[in-house]
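Colleague: If you want the building blocks of each chain, they are given just below.
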Amino acid sequence: MPVTNVLLAGVGGQGVVLASELLALAALTAGHDVKQGEFHGVAQRGGAVFSHVRFGDQVYSPTTRRGEVDFLLALEKLEALRYAHFVRPGGAILVNDHEIEPIRTGDARPYPKRAVVFLKSKGFAVRVIKATQIAVELGNHRAANVVMLGALAGQLDIPAEVWDRILRDRIPHSLLELNRKAFEAGRQMG
Amino acid sequence: MSGNEAIARGAWEAGVLFAAGYPGTPSTEVLEALSTYPEVDAQWSTNEKVAFDECVGAALGGARSMVTMKHVGLNVAADPFMVFPYAGTNAGFVTLVADDPGMYSSQNEQDSRYFTKMAKVPLLEPSDAREAHAMVKTAFELSEQFETPVMFRTTTRLAHTRGVVDTGERTEAARKSFSRKISQYAIPVYARSRRPELEDKLNRLREFAEQFTGNIIEEGSDVVGIVSHGIPYQYVKEAVPDATIFRLGMIYPLPKERLKQFCARFDRVFVVEESEGFIEQEMAGFGILNLIGKDRFTNIGELSADLVAQELKGGVVPSDFVAETTILPRPPVLCPGCSHRGVLAVLKNLGVLVTGDIGCYTLGCLPPYEAMHTTFCMGASIGNATGFNKSGEDHVVGLIGDSTFLHSGVPSLLSAVYNQVPTTTVLLDNGTTGMTGHQQHPGTGHTLKNRPAPAVNYEDLIRSLGVEHVSVVDPWDPEATAAAIKSGLDHPGPAVIIARRSCRLLPHEKAKDTTPYQVEELNCIQCGDCMQTGCPALVWEGDTPHIREWECAGCAMCAYLCPIDAICQVEASTDAGH
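Chains as they are written, first to last, in the working numbering: chain G, 1 to 190; chain A, 191 to 768.
Hint data in this document are derived by calculation from the structure and do not stem from the laboratory. Where is the CB? At the ideal position from N, CA and C, for every residue including glycine. Mixed in with the good hints, there may be bad ones.
As the list claims (entries may be wrong) - Counterexamples of contact, computed for chain A against chain G with all Cβ distances above 12 Å:
| no. | residue |
| --- | --- |
| 1 | Arg360 |
| 2 | Arg394 |
| 3 | His585 |
| 4 | Asp703 |
Claimed, not checked - Ranges of calculated distance between the beta carbons of each label pair, as one might list FRET restraints:
| no. | chain 1 | residue 1 | chain 2 | residue 2 | range |
| --- | --- | --- | --- | --- | --- |
| 5 | A | Gly358 | G | Val117 | 24 to 32 Å |
| 6 | A | Ala701 | G | Gly31 | 40 to 48 Å |
| 7 | G | Val117 | A | Thr637 | 49 to 57 Å |
| 8 | G | Pro112 | A | Gln335 | 54 to 62 Å |
| 9 | A | Glu362 | G | Ser174 | 49 to 57 Å |
| 10 | A | Gly358 | G | Gly31 | 17 to 25 Å |
| 11 | A | Glu583 | G | Arg114 | 47 to 55 Å |
| 12 | G | Pro2 | A | Arg458 | 38 to 46 Å |
| 13 | A | Lys503 | G | Pro2 | 17 to 25 Å |
| 14 | G | His141 | A | His636 | 29 to 37 Å |
| 15 | G | Pro112 | A | His636 | 32 to 40 Å |
| 16 | A | Pro697 | G | Ala108 | 30 to 38 Å |
| 17 | G | Val117 | A | Ser509 | 15 to 23 Å |
| 18 | A | Arg458 | G | Ala108 | 29 to 37 Å |
Just chain G, same shape as in the assembly (with noise of 0.2 Å):
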């Protein structure tokens, strides 16, 4: 099977490094090479953080190129904006609509609106999600990250029992419950 490319995008806290190593789980136990490498600066809150996830027969680089991601899963409209460019012409963008305000050290230029239609009008497949919404209902918003894996799982060839057993594996047993819904709601809307 050739590579499959995802990038997972978004803010210090949200909860982009563990969406990415349930995909990576999730991706090993269906019988796929897997590498997965995040990025992320200083900031144990609040910065941007990123994680590449590629899975297929045989994966080399940890990073995916500019312009060959398949699937950009952005937990943060503004996250959506700044790693967009790695997506491939007409490859889908799936993005939290969710906007988190960034720290301010003297950067005056309001939050950008409408970045949905932006990303649109070059050509992506975008998908808007009310994960945090969905997760807040649940009852509790950090469960906004495995809604928006949820919504990518619709969207890959991994079947629905390897993800129960990874969820099951790796998350508490207390929020387990919250999880497979959280995942379920977001599975509906992939």
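Given chain G, work out where chain A should sit, using these hints.
Modeller: This is chain A only, laid out in the frame that chain G set:
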């Protein structure tokens, strides 16, 4: 598993018994992963040189040992790194060094491969987690076969990339007995007699490199030849999967004859390596002249499959959309409730010159704090402050964290005492090694394996060095902190102010109940002074700052900066609604 976890797993399988190091991104997780194996006696040491010395002792004593550090840590450990090869090791000895091209979390870009040439030790470098796991075992075998320390190099991209690893079982390495051959191990006295032996060993390693199975020629098209290694090899495979590649696993010494034969097959050979042109320069030294290397592949930052493809195949790499839409940066800032924030605010208000050090508080150089004026390397702050004093600048403060102070700040403070320089030091004691992710150190009361340990009493330690003026303040109390720092600056001898409060992200701090603060919108004059905290809990809502209650840690630093007292604690009655 990650590259770092794979290295730890490989070392465990190789029978490593003792491991020591000092935290440093991107190397930290190797030792953390090693500490989870009960058979491995793993520990954080006070600094990299200490860790190296301890591992030398353990390896001479017969236990396979591994010392871990980041590239700048190797500078600290450079003294024994250069001398130990004169003796050679008894049991396997591997130095894990993680370089950080791109400086994601480092103060410099340093190609540590050059150290191996200077020290005359062999260097192995893997290209992904799977190879790393297998190659660590080779490193231990090589070390014992040639009785030499071996360096194992990784980079950030390898250390932090997860990949598939074929794990095996642990093989216990027999403990080798130590023979007290003074003429081999007392180097300063016997260095002259050991010197030719070192050269002889290097020659034998050169012969070994020619046979080494980790140096692999992957046959492909005959148009160009490529020599590569490590992570750049993966980029080459991504860019030109059909090329003929000489993939090196042993980077020093290089297989001279095989490389000469390989390069003779092609009109031109691309040498694709990250950072400096180490391999290219070595090959040029062999008389190989048809090389294309650093004049095409930058020595600044990380390479990427895009950069490599552009040079090998041409083509256009898509650029980002910065020119077409507003892509705001997300600059690094201190966490809500960070204990460093108060000290930085006070230092800025005092207008003193601040010599800084390595840790989260290094962010104090950046807006909105801009309270720190120099920073170089671990432990430099106190010596730099002493030097500024010598230059005639008497309003200067050295700012250093607790782990960094224990790592290499103590000798500088002792020097200030000894030379009777009125150096003022602010010791930020947040009870952990914060920036690298909360590692234990001699001041925390626990070991790497989370066993109870004696915790340094900083006041006693500092007084015992001869510092007479020692005070302790809570950095959440800016008035008291300012008074203590002023008092320290006024003191005619060395002074240390310990600003003590736990890192807000430590579990016991997170678990505490806090009463958040709020901006009283009716009173707020929209001056934005509170935003100078650079606190992630504060956001603009229109023209008025707003505190996100769930982020607020209740440190009140914004209230301290507010000129009209428009920021106050959320009252219990309003809080009940949440």
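Colleague: Indicate, hint by hint, whether the structure satisfies it.
Modeller: Hints and how they fare:
1. Arg360: At about 23 Å from chain G, arginine 360 of chain A clears the 12 Å cut-off, so the statement holds.
2. Arg394: Non-interface label on arginine 394 of chain A holds, nearest chain G Cβ at 34 Å vs cutoff 12 Å.
3. His585: 26 Å, holds
4. Asp703: Per Cβ check, aspartate 703 of chain A is outside 12 Å of chain G; nearest 20 Å; holds.
5. A/Gly358 <-> G/Val117: 24 to 32 Å: 54 Å, violated
6. A/Ala701 <-> G/Gly31: 40 to 48 Å: Holds - the Cβ-Cβ distance for alanine 701 of chain A and glycine 31 of chain G, about 42 Å, lies within 40 to 48 Å.
7. G/Val117 <-> A/Thr637: 49 to 57 Å: Holds, at about 55 Å.
8. G/Pro112 <-> A/Gln335: 54 to 62 Å: 60 Å, holds
9. A/Glu362 <-> G/Ser174: 49 to 57 Å: 39 Å, violated
10. A/Gly358 <-> G/Gly31: 17 to 25 Å: For glycine 358 of chain A and glycine 31 of chain G the Cβ distance comes to about 21 Å; the hint holds.
11. A/Glu583 <-> G/Arg114: 47 to 55 Å: 52 Å, holds
12. G/Pro2 <-> A/Arg458: 38 to 46 Å: This hint is violated: roughly 31 Å between Cβ atoms.
13. A/Lys503 <-> G/Pro2: 17 to 25 Å: Between lysine 503 of chain A and proline 2 of chain G, where Cβ atoms are some 19 Å apart, the hint holds.
14. G/His141 <-> A/His636: 29 to 37 Å: Between histidine 141 of chain G and histidine 636 of chain A, where Cβ atoms are some 33 Å apart, the hint holds.
15. G/Pro112 <-> A/His636: 32 to 40 Å: 46 Å, violated
16. A/Pro697 <-> G/Ala108: 30 to 38 Å: 37 Å, holds
17. G/Val117 <-> A/Ser509: 15 to 23 Å: Holds: the Cβ-Cβ distance is about 20 Å, inside 15 to 23 Å.
18. A/Arg458 <-> G/Ala108: 29 to 37 Å: 51 Å, violated
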